[in-house]
Amino acid sequence: MSEMKYHNNFLKEVEERVEEGHMVKMCMQCGVCSGSCPFGPHWAHPPQELFMMIRAGKREEVLSSDSMWMCTSCYQCIVRCPRKLPITHIMHGLAYLAKREGLAPKGQPTAEFGQMFWDNLTKDGRVNELKLSLSLYFKDGFGQGVKNAMAMQSVGMGLMKAGRLNPMEILGGHKIKDKSGFHAMLKKAREIEDARRKLA
Amino acid sequence: MTEVVATNQTILVVGGGISGMTAALEAAECGKDVVLVEKNPVLGGRVSQLYRYFPKMCHPVCGLEINQRRTKMNPRIRVLTMAEVTGISGQKGDYTATVKISPRYVNENCTACGECAKAAETDIDDAFNYNLGKVKAAFLPHKMAYPQRYVVAPSVVGTPEGDKIKAACKYGAIDFGMQEETLQLKAGAIVWATGWKPYDAAKIQPYGYDRFSNVITNVEFERLADPHGPTGGKILRPSDGKEAKNVAFIQCAGSRDENHLRHCSRFCCTASLKQTQYVREKFGDEAQSTVYYIDIRAIDRFEDFYAKVRADQSVKFVKSKVAKIVQDEKTGDVVLHGVDTEGYHRYANTHDLVVLAVGMDPEVQGAQVPAEVAADASGFLVSGDANGGIFGAGCATNALDVNRAVQSATASALRAIQVINKVASVEG
Ligand SMILES: Cc1cc2nc3c(=O)[nH]c(=O)nc-3n(C[C@H](O)[C@H](O)[C@H](O)COP(=O)(O)OP(=O)(O)OC[C@H]3O[C@@H](n4cnc5c(N)ncnc54)[C@H](O)[C@@H]3O)c2cc1C
Ligand code: SF4
Ligand code: SF4
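For the record, the sequence lines run as chains A and B.
Just so you know, the first sequence maps onto residues 1043 to 1242 in the working numbering.
Just so you know, the second sequence maps onto residues 458 to 885 in the working numbering.
Take these hints with a grain of salt, some might be off.
[Unchecked claim] Simulated crosslink set (SDA-like; lysine to any residue; CA at most 20 Å straight-line):
#, chain 1, residue 1, chain 2, residue 2
1, B, 781, A, 1141
2, A, 1141, A, 1062
3, B, 776, A, 1141
[Stated by the list, open to error] Here are a few chain A residues that sit away from chain B, every Cβ distance over 12 Å (derived from the structure):
#, residue
4, 1156
5, 1162
6, 1192
7, 1193
8, 1230
9, 1234
10, 1242
Rather than coming from a laboratory, the hints here were simulated on the basis of the structure.
Glycine included, each C-beta is placed from N, C-alpha and C at the ideal position.
Chain A with its partners taken away, still in its complex shape (with noise of 0.2 Å):
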């Protein structure tokens, strides 16, 4: 039986690598997060049981689940917490580190968002909107992708006609000036950051 299999460290785990994770500890599963949280009923574990199987070693099942990629950041649970968790927090972390050991779930919205929104981003050092937006309406297939970007024609034009869309973006689009410099702080930022989690 290795440890490897079991994760009988998993809680000693997320204190190291996910951020404030040693306050998971704390949670005396009085349960007011989960009640108090406005996606409660939507998503697989209540912050409350995730901490419940961080302790219990449940490795694979806390990392997978769906819920930290479910938090809208609304901070209730935070703000009502007796023990003063930063729940929101920890749920953000876990989904980091979850994606990090590749055990995000397959196809979860919000997390195929983050990485094409990363990607958008680190590519010239701006967002670039328009091909944000068309990288999201056409990620289910092209035919998908019309369907959503007929949907989405009025706003798109409202936008365009403010002067907060423009469509000469699709081709290049604007860019900082130091790219590569902006590539290596990046790299550095995540040596760092990778240290100091052992994610590396």
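Put chain B with the ligands on the given structure of chain A with help from the hints.
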């Protein structure tokens, strides 16, 4: 003018609840002179506002009566009611306390015949019943009141109603000439026993105590169950006076919460267990109580009591801190929302009435005591040499049930006695 004899061999006890009475009696029965200062018109404190006592389910009046008798019989205790200590100067063995006495407008001629109350016309809030009902502007705070003496509200002074009240008294007991007085008293040691107050439930926003009439507190529930209470002992809910047979109890309402009271108030689990038995007593097999809890803390020997309540078919336990309460405006029913910890089931449960098991806040925060005393983060007094000859007792020092409050009071009496003995040995 109120005459009080006090020296630096006198023990001043502030607060006349069960703790202050106990400290005063223990010291006086050991031969010390005691002045007992109580803010209310009567002694007994919050214990006199309970219907029954855990764990034996006896009536608290019984224990109080014994203490009232002991107080009455003991010439060494001087009781000052409607009095507050506003200043303390000096040091251990030699204090001077400033005591402010509010006028009662009724002197010791009062026989408690009640004619003045019959003559009174206006109603005022009934503080004894946590303002759930009204009393006449001339009133006896409660049936067991000690001293058995009426009080006249300042609002009728100088009015035709006041004249009528005065004329109704055959014993010349009504005295509108009484003024607020300020006394300076000597004392060698001071026992501070100002007790507790219920945590302000309105601060727990998702429970809507200030918005929903059928969300009440545990102290109010004691008054509803008491035959001397505003409903004559019937458990009727405030919105429509309907019998509340299906009652929810929410534990840790404010306690164990970084946003409210940090401490566990200790008594409230057992108090709610006790209150489920009130529902049982009134409605028999129709009674339904549900206790929503994080974990039941029925401390040490109260575990037996918990086991007894557990076995009662009318009582259900849900392991969950309720997230939110909504009251249905049409039916008046209250719906509790949350997720339980045993299986993580989402619930929306309907009840007739919700009782919030609010915790204990110190009535006087440590920082408000008019002397240098140490206090913890919640404002309860902590003991230590820095306090000199001032000793905390009962719920002024911690959230305690009566048993523990009385133990703490006896301990503080012993400490105060030691100070007085030292003073006496020096003075010979
Ligand atoms: C709902 C409920 C049910 C409970 N049931 C039980 C039970 O069944 N069994 C049990 O053992 N315990 C029970 N308790 C606990 C019990 O009420 C306390 O242990 C008890 O009241 C403590 O007594 P005390 O004298 O320390 O404080 P208090 O009863 O608060 O007395 C303090 C006294 O000091 C006076 N005072 C306050 N400030 C001043 C001031 N500035 N100057 C002068 N006087 C002042 C007050 O007027 C009061 O008379 C219950 C509590 C609650 C809330
Ligand atoms: S509200 Fe806080 S203490 Fe309660 S279950 Fe959620 S995280 Fe744990
Ligand atoms: S005694 Fe019970 S209800 Fe009261 S604070 Fe402690 S755990 Fe909560």
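For each hint, the structure was consulted:
no. : hint              : result
1   : B/781 <-> A/1141  : 33 Å, violated
2   : A/1141 <-> A/1062 : 17 Å, holds
3   : B/776 <-> A/1141  : 33 Å, violated
4   : 1156              : 26 Å, holds
5   : 1162              : 37 Å, holds
6   : 1192              : 38 Å, holds
7   : 1193              : 33 Å, holds
8   : 1230              : 38 Å, holds
9   : 1234              : 32 Å, holds
10  : 1242              : 35 Å, holds
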